[in-house]
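Enquirer: Following the hints, put chain B in place on chain A, whose structure we already have.
There are 2 protein chains.
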Amino acid sequence: MSEYITVSYLTEAKDLYKKAEAIAVGMTVGSWTDLPLARQEVLAPYLGTVGSVTITEEKDGLQQGIIAIQYPTGNITPDIPALLTTVFGKLSMDGKIKLVDIDFPPSLLARFPGPKFGIAGIRELVDVHDRPLLMSIFKSCLGLPLGELETQFAAQIEGGVDLVKDDEIFFVDDKAPLAERLAAYNRIIETAGRPVLYAANLTGPVHQLVDKAKYAIERGANCLLLNVLPYGFDILHRLAEDPDISVPLMAHPAMAGAFYAADEYGIASSLLLGKLMRLAGADLILYPSPYGSVALDRTEALAIAEHARSSNGVHKSAFPVPSAGIHPGLVAKLYEDFGTDVIVNAGGGVHGHPNGTADGARAFRAAIDAVVQGQTLAEGAKSSQPLALALEKWGSA
Amino acid sequence: MSEYITVSYLTEAKDLYKKAEAIAVGMTVGSWTDLPLARQEVLAPYLGTVGSVTITEEKDGLQQGIIAIQYPTGNITPDIPALLTTVFGKLSMDGKIKLVDIDFPPSLLARFPGPKFGIAGIRELVDVHDRPLLMSIFKSCLGLPLGELETQFAAQIEGGVDLVKDDEIFFVDDKAPLAERLAAYNRIIETAGRPVLYAANLTGPVHQLVDKAKYAIERGANCLLLNVLPYGFDILHRLAEDPDISVPLMAHPAMAGAFYAADEYGIASSLLLGKLMRLAGADLILYPSPYGSVALDRTEALAIAEHARSSNGVHKSAFPVPSAGIHPGLVAKLYEDFGTDVIVNAGGGVHGHPNGTADGARAFRAAIDAVVQGQTLAEGAKSSQPLALALEKWGSA
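From first to last, the protein sequence lines stand for chains A and B.
According to my numbering, the first sequence is numbered sequentially starting from 1120.
According to my numbering, the second sequence is numbered sequentially starting from 1120.
Please keep in mind that the hints were generated in silico from the structure rather than gathered at the bench.
Chain copies aren't distinguished; within one or between two, either way the pair holds.
In silico BS3-like cross-links for lysine-lysine, where the CA-CA straight-line distance does not exceed 27 Å:
hint: 1; residue 1: K1512; residue 2: K1133
hint: 2; residue 1: K1512; residue 2: K1137
hint: 3; residue 1: K1133; residue 2: K1215
The shape of chain A in the complex, shown without the other chains:
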């Protein structure tokens, strides 16, 4: 029996149903009604069909709404380039249209790797099971000598973060090469006496990234950061499916706004950063929080977390990491919105603390401990001077 991928588009047309039919045929077998019967028999298994048409508005003679097209799974190889080319290749250039969702049958899901560690696996690695994790970002990396980066790293660890990530623009690292950073940071982690994940930025030619990842792991990397969209989803998939890449993969959303930011074009953030990132194998998914200046629409931000964490029957869950603009005063709100299985991630909100980086991290840890115990942040601040100072500086939401 044929199985289908159901693809939803937000679009407009004089007659939305006719447009849906044209897409179903045009994006699969090309033409249909004018084909001889014998050809129709050959091509029937490849023909797309209209799943549904929902008109949400009609004005100026145009119907706007969501159309769902069913593409036979047999039309694609199980990889994201084939998927995106098939369902949004030509179509992306054909007037107002936004790719908003894709539903996969379990048989196709199973041919994608999904997260290797997932939320449970990452909790094992950092040995933290009952609270949101805390991650911090280097204030900056580019151009800094290794010694200064070590100082930054040590301060973050001292304050109690569970994960640290490289700046995503850290490509030129001649002053602090990857192998040297790994050695230096691992010494600091060892001294701290507790597990900390350090996400090293994976860079270089795309066809060598699998080897580069293995090189990093041999030199002590315990997590890898990837700019998934600039490199293309498929390399994430190939890293995730490789059994020798034995560390979690952290997906950075660099360039994602170029896809999702327009209302009427592109690809919805929940699909791009939620479903597709998880499918391709991200253990941790960074994306704009709904709070900061680089903010994502709240519904979309929650949908990304939903796609990352909810059961899809096949894959492990991925950790949502709603980022940007996070300070300790937002932790209660963040916990309310995202629950326990979330990573609190901050850069300026850690380093900008009045007492510096280590107390910045302590303020976050105190805020997390407070909300998990059902306290308000103000209550938590009574037993944490760092949190009290942070709330004084940033307020609370």
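Expert: Frame of chain A, contents of chain B only:
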């Protein structure tokens, strides 16, 4: 002496100059005025600067316009993932902003491969020097047995096309595997007794595409088609720079609309499909023509051709292939807009000819011959029954 990449963005802000300054600092060293002098000295070579600010409109307290930021070339490794992450990673998610252009110093250009064959090289390969080339697209590929594809291929060759390309959604080719297609089509080309390029769709895991390309070439491929954006620009770069990949690379624009279609977000088509495709090594660049139903803005379509063909002091030129909606009646217009160094590319405009595919190609060849000789299409149709029939069906522009 430092060199800079100059990156232009279309954006808006209360104070556009302040926004430009914030981007210049925020996207490079992170912070500046609050840094101690010693740190400023270390980081100065990495600091971005404001090149220019051009306000085009002020309304509702917002300035709209173009800001140009200068990024030191030393901030990036010479690859497109590093470039795009650095200049549009976080920034793409930061409100209304569109990446409209990037100017590269020659020293950086020289570190990208550019086209291996270019226009002159492709003209040598097909031995056509004085007219636009003619390319045709299979009516459809997916699901068809090899025999039917051979029939389609032979008809296109018989009619006189210079290049034929696979359908870009041709991923599942179990009924006509790559090696078998190559063998069959090459027999047809040999029989025809003149050189024809066949662009075979390059598919598979991204980290294996270099090997897959070599496999195809060993089995007779003389041109390769790549869905560059779904795979990511970097694999095009790696294919282009590999000396053993001795055939032209044809870039398909699948998914490009997700980047360029919105006015206020994403990446301009002239940069995406013109400059970056050429930089990364496309010999032939497909993109929406300004004529058809899947149409691109005329200025942008001409700018892509300009970026593909004009001297940049370093790279060979690339063939622009403005596609979609092309029929023989558009050839005069196309020649007027794009000149001789263009590829006339059609699918429906070839196969939809009243007499079928071969005459469809003949009609195009007659139209091309006519305009190159300074004749009107109507004049050309006097000595070409296929062209006369085509003009009758489609009219002329």
